[in-house]
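Q: Take a look at the letters that make up each chain.
Number of protein chains: 2
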Amino acid sequence: MSPAPHNPNISVDCVVFGFDQDELKVLLIEQTRGPKEKVVIQYALPGDLLFKNEGLDDAAERVLYDLASLKGIYLKQFHTFGDIDRLHAAKDQEWLQTFREDPKARVITVAYYSLVKMDEYEPQAASFAGKAEWVNIEEVPSLAFDHDAILSMGLERLREELETKNIGFELLPKKFTLSQLQRLYEIILAKKLDKRNFRKKLKNMSAIKPLSEKQKGVLHKPAQLFTYKDD
Amino acid sequence: MSPAPHNPNISVDCVVFGFDQDELKVLLIEQTRGPKEKVVIQYALPGDLLFKNEGLDDAAERVLYDLASLKGIYLKQFHTFGDIDRLHAAKDQEWLQTFREDPKARVITVAYYSLVKMDEYEPQAASFAGKAEWVNIEEVPSLAFDHDAILSMGLERLREELETKNIGFELLPKKFTLSQLQRLYEIILAKKLDKRNFRKKLKNMSAIKPLSEKQKGVLHKPAQLFTYKDD
Chain X
-8 MSPAPHNPNI SVDCVVFGFD QDELKVLLIE QTRGPKEKVV IQYALPGDLL
42 FKNEGLDDAA ERVLYDLASL KGIYLKQFHT FGDIDRLHAA KDQEWLQTFR
92 EDPKARVITV AYYSLVKMDE YEPQAASFAG KAEWVNIEEV PSLAFDHDAI
142 LSMGLERLRE ELETKNIGFE LLPKKFTLSQ LQRLYEIILA KKLDKRNFRK
192 KLKNMSAIKP LSEKQKGVLH KPAQLFTYKD D
Chain Z
-8 MSPAPHNPNI SVDCVVFGFD QDELKVLLIE QTRGPKEKVV IQYALPGDLL
42 FKNEGLDDAA ERVLYDLASL KGIYLKQFHT FGDIDRLHAA KDQEWLQTFR
92 EDPKARVITV AYYSLVKMDE YEPQAASFAG KAEWVNIEEV PSLAFDHDAI
142 LSMGLERLRE ELETKNIGFE LLPKKFTLSQ LQRLYEIILA KKLDKRNFRK
192 KLKNMSAIKP LSEKQKGVLH KPAQLFTYKD D
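As given, the protein sequences belong to chains X and Z, one line each in that order. Here the working numbering is used: the first residue of the first sequence is -8, the next is one more, and so on. Here the working numbering is used: the first residue of the second sequence is -8, the next is one more, and so on.
If you're looking for bench data, these hints aren't it; they were derived computationally from the structure. By construction, the Cβ of each residue, glycine as well, lies at the ideal position given by its N, Cα and C atoms. No false leads were mixed into what you were given.
Using 27 Å as the maximum straight-line C-alpha spacing, the simulated DSSO-like pairs for lysine-lysine come out as follows:
{"id": "1", "chain 1": "X", "residue 1": "Lys194", "chain 2": "Z", "residue 2": "Lys192"}
{"id": "2", "chain 1": "X", "residue 1": "Lys156", "chain 2": "Z", "residue 2": "Lys192"}
{"id": "3", "chain 1": "Z", "residue 1": "Lys166", "chain 2": "Z", "residue 2": "Lys183"}
{"id": "4", "chain 1": "X", "residue 1": "Lys194", "chain 2": "Z", "residue 2": "Lys194"}
{"id": "5", "chain 1": "Z", "residue 1": "Lys192", "chain 2": "X", "residue 2": "Lys192"}
{"id": "6", "chain 1": "Z", "residue 1": "Lys165", "chain 2": "Z", "residue 2": "Lys205"}
{"id": "7", "chain 1": "X", "residue 1": "Lys192", "chain 2": "Z", "residue 2": "Lys191"}
{"id": "8", "chain 1": "X", "residue 1": "Lys165", "chain 2": "X", "residue 2": "Lys62"}
{"id": "9", "chain 1": "X", "residue 1": "Lys156", "chain 2": "X", "residue 2": "Lys200"}
{"id": "10", "chain 1": "Z", "residue 1": "Lys156", "chain 2": "X", "residue 2": "Lys67"}
{"id": "11", "chain 1": "X", "residue 1": "Lys156", "chain 2": "X", "residue 2": "Lys108"}
Negatives, chain X to chain Z, calculated, CB over 10 Å:
{"id": "12", "residue": "Pro26"}
{"id": "13", "residue": "Arg148"}
{"id": "14", "residue": "Ile158"}
{"id": "15", "residue": "Glu177"}
{"id": "16", "residue": "Pro201"}
Among chain Z residues calculated to face chain X with C-beta under 7 Å, some are:
{"id": "17", "residue": "Ile1"}
{"id": "18", "residue": "Leu47"}
{"id": "19", "residue": "Thr71"}
In isolation and in its complexed conformation, chain X is listed as follows (with noise of 0.2 Å):
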């Protein structure tokens, strides 16, 4: 079966951020062009165009799924980026002549955020893009495109949600310790909390509940586990 054919003029980009315990980073995709012998690396966004049959969630989802072989992530629209020139620099034109039928066409990106269990999630190579690898979100180079935007919008949305609406527990596995949450929070708001006021903020969120478990196979004292309530 011959792929559905592309709407050139949209595109979905996604933010996807995962978190190991210690750091938050964000899925990268490597873009490569030149001649083989002298070949350049730059890093994106996963994304890909729209099929002209599909809906823009759809897209996100299928961008995720071919990366990830995942279903059923958090995964939610933020902003949808049309700058004219968005796509227009000398470099990503470049890349653009190789992989699109009409690299000079605008395109509008409809960006998505994502958050993922990294522990459930391994990246593979995806049919739209090259290697992808998690990169941690202090060492992200100079990416392609607008990227950089969007990847700057999506940490600013992240932040905003982590604090509005309790999302944290898409980022921890199912089973943690107030420390290891109170770390989470200290990463991507990129700021240390005092624990004593994070407990107390913590009693008035409801949203997570202990557990008659503690940790396991620790060699300090092992902490009570809590966990997210489902709804």
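Position chain Z against the provided structure of chain X, taking the given hints into account.
A: Showing chain Z alone in chain X's frame:
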């Protein structure tokens, strides 16, 4: 000068809220279709196709400027709608066949919401639309295309931002009483608020400050006036 050519696949639509001290209103435009003697009127959100050389925010600003000759009002992108069949209803196709070059083209629309002080604003017919008018949010009829869904999400966003970002002042006159502010919250949130709790919450809201002025020309005891701080 002939008008700039449109991009046939991208539009903007605007959910414009106004508050007249007593009702939350939304700005709608009239779409007329059918023969003169049997004209059918349908309401829609103001919107238009993007010009080929125009940014998304610029397009939303243009739509509002054309309707209101107003610039610099609160305007924020909140969601992009791209369902495949969003323009397919027979009634909508009939209207599109009169007004669009390619009525069957798939159009993705970027939705904005806007807050305006109604006393500074007089809607008028625009190049892309018929009559424009304010309609009470509780009396909005079924709208064209997927505009019911767009309005509904715009209202949801307004409620969220009222609570998290103190945007209420965009809808109030520069100087207002606490009763007016409470009424605004009650109408937008569609629930009665306890006066004492509301004022306690306001004490924690550093965004408003008392003025050394009281209401004038009222029959009851004049109330203290407040204003929002600039930042």
